[in-house]
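From first to last, the protein sequence lines stand for chains F and Y. Quick note: the first sequence uses the working numbering, first residue 66, plus one each step. Quick note: the second sequence uses the working numbering, first residue 1485, plus one each step.
Possibly wrong hints are sitting among the right ones.
Pair ranges (Cβ atoms, derived) [to be verified]:
hint, chain 1, residue 1, chain 2, residue 2, range
1, F, LEU385, Y, LYS1827, 37 to 47 angstroms
2, Y, ALA1736, F, MET290, 29 to 39 angstroms
3, Y, ASP1680, F, TRP218, 15 to 25 angstroms
No lab work stands behind these hints: they were computed from the structure. This structure is a prediction, so every number in the text was calculated from the model and none was measured. The C-beta atom is built at its ideal place from N, Cα and C for all residues, glycine as well.
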Amino acid sequence: MFYREVGQFKTSYAADMAVFPIRQDRIGFGLILVVAFVAIPLAGNQFLLDSVMIPFLIFSLAAIGLNILTGYTGLLSLGSAAFMGVGAYACYKLSTFFPQVNILVWILASGLVSSAVGVFFGLPSLRIKGFYLAVATLAAQFFLQWCFARVSWLYNDNTSGAIEVGTQTLFGVPVTGPNAMASTRYLVVLTVVVAMAWIASNIVRGRIGRIWMAVRDMDIAAELMGIRLLRAKLLAFAVSSFYVGVAGAMMVFLWLGAAEPEAFNINLSFLLLFMVIIGGLGSILGAFLGAALIHVLPIVLRALPALIGLNLGSAAVEQLTFMVTGALILFFLVVEPNGLARLWRIGKQKLRVWPFPY
Amino acid sequence: MKNTKHALKVLSGAALALVLVAPAFAPAATDDSIYVPLFTYRTGPFAGSGTPIADGMHDYLTMLNERDGGIGGVKLSIDECETGYDTKKGLECYDSVKPKGPVIVNPWSTGITLSLIPKASVDKIPILSMAYGLSASAKGDIFPWIFNPPATYWDGLSEILKYVGDGSIDKLKGKTIGYLYFDAGFGKEPIPMFQDLAKDFGFALKLYPVAPASMQDQSAQWLDVRRDKPDFVVMYGWGAMNATAVKEAIKAGYPMDKFVSIWWPGEADLLSAGEGAKGFKTLNWHGVGADYPALQDIKKRVVDAGKSLAAKDEFGNLLYDRGVYNSVLIAEAIANAQKLTGKKVVAGEDVRRGLEAIDLDAARFKALGLEGFAAPFKVTCADHNSHSATFIQQWDGAKWVKITDPIAPESDKVQPLIDQAAKAYAEKNAGWPARTEACDSKS
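Next up, chain F with everything else stripped away, as it sits in the complex (with noise of 0.2 angstroms):
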């Protein structure tokens, strides 16, 4: 009913290949796109912009990053955290360098940076795999945010040890700094995951994506194949990476604002890790349901008792907090191992043959 593809043909090996192949498809995203676009930047109060939305967008595009380094070549890495330090520390030194250029243009740039340290720890994976890969980006995560918090050079001496935002303007509007609006700084970084999204998806469909994929399901069999590894791989520590450090760099710089060395550890690691896995290795849409439920979800959990007129205390609720979203996890992996993304995936299958499932 919702989903009836009668009358839609495809005649053309672009069409059959589109992203969203189904018109309902592209329709309900047009529809996500302009209430994301429009609707929650008019109708949305601070809180839902600036604790609820600039994060989980932030969050979505590291776990898109990690997606690509973990869901579709198969490398597991531990250091996102530290890569996303990277972006951020590389923007702040930029910006402090040269205020005066547009701090878009720097926040790109520092995922240069985040990919140049990226390509350097990924070298190892091409001699180690699996958990193995997993304690040799563990290293980068210690190394680098040991860096971040002994390096006086990287915060720029200042006593406090942190990292701070000054006010950066774009078209005269300022995006940084306590005076940036809340909608402005969502609309950037909205601007910024919906495009660097689109260019993933892009990727992994296309030729680059494949040899990822490749790669993950057997190394030796795509170098047979006349896949070269090496590239293969630090290409893809390369893209990750630079995912990874715009989302570092706009965590600090379009969100937090200030930020310690203790905001990229072995935690975050971890947060963004479960992410992709919730989510589902090897999709996009994973990213960001990964993200809605490890972020989000605790957020509303926490505004629930409240809502329904009970008076819990700020800890217990925080401790109720945990265990429900444990509980949820757990929930969600036992009923569909493969991730959130896969049971919208299965869902939708079953929404196409309704109501006439065969």
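Keeping the supplied structure of chain F fixed, place chain Y upon it in accordance with the hints.
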């Protein structure tokens, strides 16, 4: 599968609806109350330190509501938000309370404070970071919205060094001092000053950083302490780090009376270490215990009435009383604001003026039912800190014993650093607004 799908749809629908309407239902400040949010942490690795402070803050304000019907006849609407000492969650708390018109914010975390400092002047919400946060924010002319009385970490450091040097830092010449610190903004801030002092006064400084992630495992640091044999160890720790440090010091056989901490360890940290913790010293600036009329009022009207979350043994302990002290400052600022503006229901701008007018002399403390609770101090427009003298107290195995008179900070060392750091902060954050807020006090 179908059921799951259905459940999922219902769930996500409900979730979306909730997010959109949640703020509308939350208890907002009404016209006849003053909204005071408290950022607290009763969960996570810092809960040991955070819980008594949260209870102290909450109970004193609740007591004012019960006893006096609030401040100046206006009820306080007290609202706790759990931050878990996490900067991201702290910002979430800030965003969630902002629409309700908070008159003051107490971040209780240096990380959260750093993120909020630039927002304060824009959102017109003053920040009270009592004896923590950015030391440089003591400069009222550069940070009109930030208050960190009664002493900064730099003051504290000079006071500790004066104490271990028997009254003057000069006597430390040739000695070795170890610095065991929480390796984040809070513990790192004193290092430049420490190094300068080491150079000026000719003592050796050994640094022992404790990473926040591994604060419950300090064996490596204490191995170094054993090797270096410093004459004194100075500690800047928080949460589980304090308790662990004391335990490790006992294990390493380090003499407790040479182990001096900044003002954050509480009773629980020492009790868990057992008998061996006897002799441990910390700085402090206020009374401990419940022998004050105001504390008795809290006991009668809040704790015994079942309106407090405080455990029996927690009431009146060091960090509980520090929470009370924090709330005394909040209440004083609100009362001052009412006096200054003549309004009953004050807003953030008014409370900022109220904070600048804080003048807690001995008579005022007595009027508050806290006679002799803390040394008098005064906030001015230029000095948001007062750089108070603090005293050393020693743990006797069961309670704190005050062992010195208040030790004044080494102002000629601290003040230039504060001036310089404040100036550097304003310069690095290009476009830092110049102070436009008028000053109320006559002085």
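Hints, verified against the model:
A C-beta distance of roughly 39 angstroms is found between LEU385(F) and LYS1827(Y), which places it inside the suggested range of 37 to 47 angstroms. Between ALA1736(Y) and MET290(F) the CB atoms are about 60 angstroms apart, so this pair departs from the stated range of 29 to 39 angstroms. At about 20 angstroms, the beta-carbon gap between ASP1680(Y) and TRP218(F) stays in the expected band of 15 to 25 angstroms.
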